[in-house]
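Participant: Listed here are the chains, written in short residue letters.
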Amino acid sequence: MKATDTKDPEYFHKVVDCQYACPAHTPVPEYIRLIAAGRYTDAYMVNWESNVFPGILGRTCDRPCEPACRRGRIEDEAVAICRLKRVAADNKDDVKHLLPTVPVEGNGKRVALIGAGPASLTVARDLAPLGYQIDLYDDQPVGGGFMRSQIPAFRLPPEVLNEEVDFILNMGIRQHFQTYISSLKSILQQGYNAVFIGTGAPRGSDLDIPGREACDKSIHVGIDWLASVAFDHVSKIGKRVLVLGGGNTAMDCCRTARRVGGEDVKVVVRSEFARMKASAWEIEDAAGEDIPIINNHVPKEFVHEDGVLKGMRFTVVDVVYDAEGNRELVPTGEEVFFEADDVIIAIGQDNAFPWIERNLGIEFGKWDMPVVDKTTFQSTLKKVFLGGDAAFGPENIITAVAHGHQAAISIDLFLKGERVENRLAPGVTLVSQKMGVHEWSYDSEVSNDDRYPVPHVSKEKALRDRKLEVELGFDIEVAYQEAERCLNCDVQTVFTTSKCIECDACVDICPTDCINFINNDAEPALRQALRRPAKREDQDLYVSTALPQTKRVMVKDEDVCLHCGLCAERCPTGAWDMQRFFYSVTKAGSSCKQSSPSMTSS
Amino acid sequence: MTFVKPAFRHPDAPINELGRSRQDYEGGLSTLCAGCGHDSVSAAIIDACFELNIEPHKVAKLSGIGCSSKTPAYFLSGSHSFNSVHGRMPSVATGANLANRDLIYIGISGDGDTASIGLGQFAHVVRRNLNMTYIVENNGCYGLTKGQDSATMDTGSPNKKGDINMYSPIDLARLAIEIGATFVGRSFSGDKQQLIPLIKAAISHRGFALLDVVSPCVTFNNHTESTKSYEHMRSANTDMPVDFVPMRQEITATYDSGATCEVCMHDGSVVRLYKQDNDYDIEDRQSALEATSHYAKEGKILTGLLYIQRDSEELHDVLDTARRPLNSMNELQLCPGPRFLDSINAGLR
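In order, the protein sequences belong to chains A and B.
With this note's numbering, letter number 355 in the first sequence gets 355, and the count goes up by one each step, no holes.
With this note's numbering, letter number 309 in the second sequence gets 309, and the count goes up by one each step, no holes.
In case anyone wonders, no lab produced these hints; they're calculated from the structure.
A portion of the hints provided could be inaccurate.
[Said to hold, decoys possible] Cut-off 20 Å, straight-line C-alpha distance, at most; resulting in silico cross-link-like pairs (EDC-like, lysine to aspartate or glutamate): (1) K236/A with D290/A; (2) K551/A with D239/B; (3) K310/A with E339/A; (4) K467/A with E289/A; (5) K499/A with E231/B; (6) K551/A with E231/B; (7) K535/A with D12/B; (8) K239/A with E305/A; (9) K236/A with E395/A; (10) K535/A with E523/A; (11) K2/A with D521/A; (12) K374/A with E10/A; (13) K499/A with E225/B.
Can you build the whole structure from these sequences, using the hints too?
Facilitator: What follows is the structure in structure tokens.
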């Protein structure tokens, strides 16, 4: 195997599993350490810099970081990364003076943002401080997009949302709310230098089965219904409610229904439980509010008497997989009827671009979606960029933020007359954490604690008030304990071959048997030959060059390294060192002109 | 500073036949200098006991004084342990072994503890063939008192300051072969592939087993010119690889060289050796002495199983002692009373 090139920033980046998995590459261990140190404002700003909405995401993020967390590979549960983020937001001081300032004199360029959701707001956040004039359009009366209309207040209090949306709107953004854009052409005609489309995936899927039209007034499309509740257009629902669908929208619908009059609320899902798209914790919270989830039931018809909904009939199915793993729902012959006063359909959502004229030069591809470059977010009409759910279909807030950052870079480059493909490498530092013979500047001791649960308000209280936030968040003491569970994967084990005397001290001390000194071989053979065979292919092997004394190589399986620093503590020559790796995605307007990745180290 | 080793281990870490993990054989976190060879020897003992499926409480670990003698704190924390007086570990081991022959005795000593202050005790425990494994962690210096030359330091080898050792070294392995040891091995802390099977064979040997393990002192005796440094060992080590095959395990490996031999231990397990040359007979004292001196003359250090005598009489056999440990006998058996004393005295008249 070739020796690992640790000068490539992506090598150590990948070791920080959480940050690597985060679409916006938030430096997770960095902010968790700041939380443990009680520096909530700093922790908040590290987040804000990277993901723009720490308070919102600390409550609502899809958390791609948590399944990736190394802790989940050495014990049962990941660090509660998401809820720690909320701790930073809950306990921060006033941060207004820390936010970027907007120049009094603009640069004379005008950018229109269509849709006021997370993607557009991120673009605004990145471009306004550079002097761009930003015009933000949305058909709702306030900003936030789906973060406001789709996420119920009991999960995301409006104050939290307003604060973080306002941080951006207050950057001199020209706001055009309650303005539905029915024509992109009309926007282009206003002479904007660039246009960003962040209109999400606004069309909820419907269900075309018998009875649908006859009982229209008792059948609701999930995302529209949630928006109606959010904007106080709807405040009640029947006692018996069926929610169709197995995603997070279905979970929000059923829990909202329980709060506006639903007493007997059921979720009915076509597929099996294991294939449900909803996050495990959202399913758990729904179950905690006495909402049964009924799987393997395919909707057959809406049953009504003279247009008054009585309930729904379902076909019960078995889930069968063929040899290729293709799924088939095979009817068992059994049919089931559930009584219902209202039905909420939450079976998916789609993009819709009826407002984009097809003769503007924007090419449309599969599923009638505009063709968008995956790196630059540019459409085939050079001045139009797309991001968030509007670009590639429904994802989540953190993905929209990541898109927004990248689109902002593209818009900035485009309007400076530079090539949008010419993007800057990430900023990377690697600094030794050694403080003394046996002292590190990070808490190297590994906490053995299990994951701490987030306390909730009582069910009785929660169900009485639609706007009462269910999760209470960690208090500071528990937050500290939970933060200590973080393994500090960004403090890297850095090996210097020339210093190694092959004494085996690191091999002997390593709690998880990660380190090996063996004869080099091809990667598959090497993976097998390690003390603990390296089975997880997505986790890299760290391979040194040939060692001075025996010409063997050091091979470290990154998989379950605890980053405890014991290898470096027991190393007599400093061949191992613990070095903090900081990786930051370059933002719009960064001035340094490097084309190749770089790394500063000490 | 980290005072505690994290509790987490590799999720695929194996379990032995007793249902124990390697973690059950670990000890406290070492306070020896970083990079000390002794820590590698401790790790090898842990591996050997784990792989031999030994119950930790069936082991007694004994030591004298010195860096080496601290190490029983760093392995088998579930075992019996006795940190004795300087150079007197053999006496304590003899007493303990006579009282309870059912335990496995592992003595840990250093070159100072064995070749200087303890040389007398060492010689006698060897010739008595006490059933124990005696490991010397040999670094050629007194690390605990800042690195003075020890009695195993080679003539002409300089200390850290550059002063040359003028005295003749004691070769513990050769000494032990001379005075009747029944199992003598030499190894290097940096070669676990050889050291672990050697420890397993030594534990399985019935009688006195000496392992002279070169274990560099990284602080005082690891300079390039030293003959006990990692670097020197790596260039001068002439190793004879060792395999240990437990009794119930099938022998599967194949061998290309004619210079291999297999030795069946009394418990049915097999030690396989890859010898440096065909003429070397490891069951012949003279042959072993010749081989070691031959390599020593060339500036090489021959490591591996140097000598073994199978089916020897260990101390209990010679003394014809009771078959059971004393702690399993009742008061009447232990103190049968004046009538028996009288008959013994009468027999001596």
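Participant: Hint by hint, note whether the structure agrees.
Facilitator: So, going through the hints one by one against the coordinates:
| no. | hint | result |
| --- | --- | --- |
| 1 | K236/A with D290/A | 19 Å, holds |
| 2 | K551/A with D239/B | 17 Å, holds |
| 3 | K310/A with E339/A | 6 Å, holds |
| 4 | K467/A with E289/A | 15 Å, holds |
| 5 | K499/A with E231/B | 13 Å, holds |
| 6 | K551/A with E231/B | 12 Å, holds |
| 7 | K535/A with D12/B | 10 Å, holds |
| 8 | K239/A with E305/A | 18 Å, holds |
| 9 | K236/A with E395/A | 29 Å, violated |
| 10 | K535/A with E523/A | 12 Å, holds |
| 11 | K2/A with D521/A | 9 Å, holds |
| 12 | K374/A with E10/A | 19 Å, holds |
| 13 | K499/A with E225/B | 18 Å, holds |
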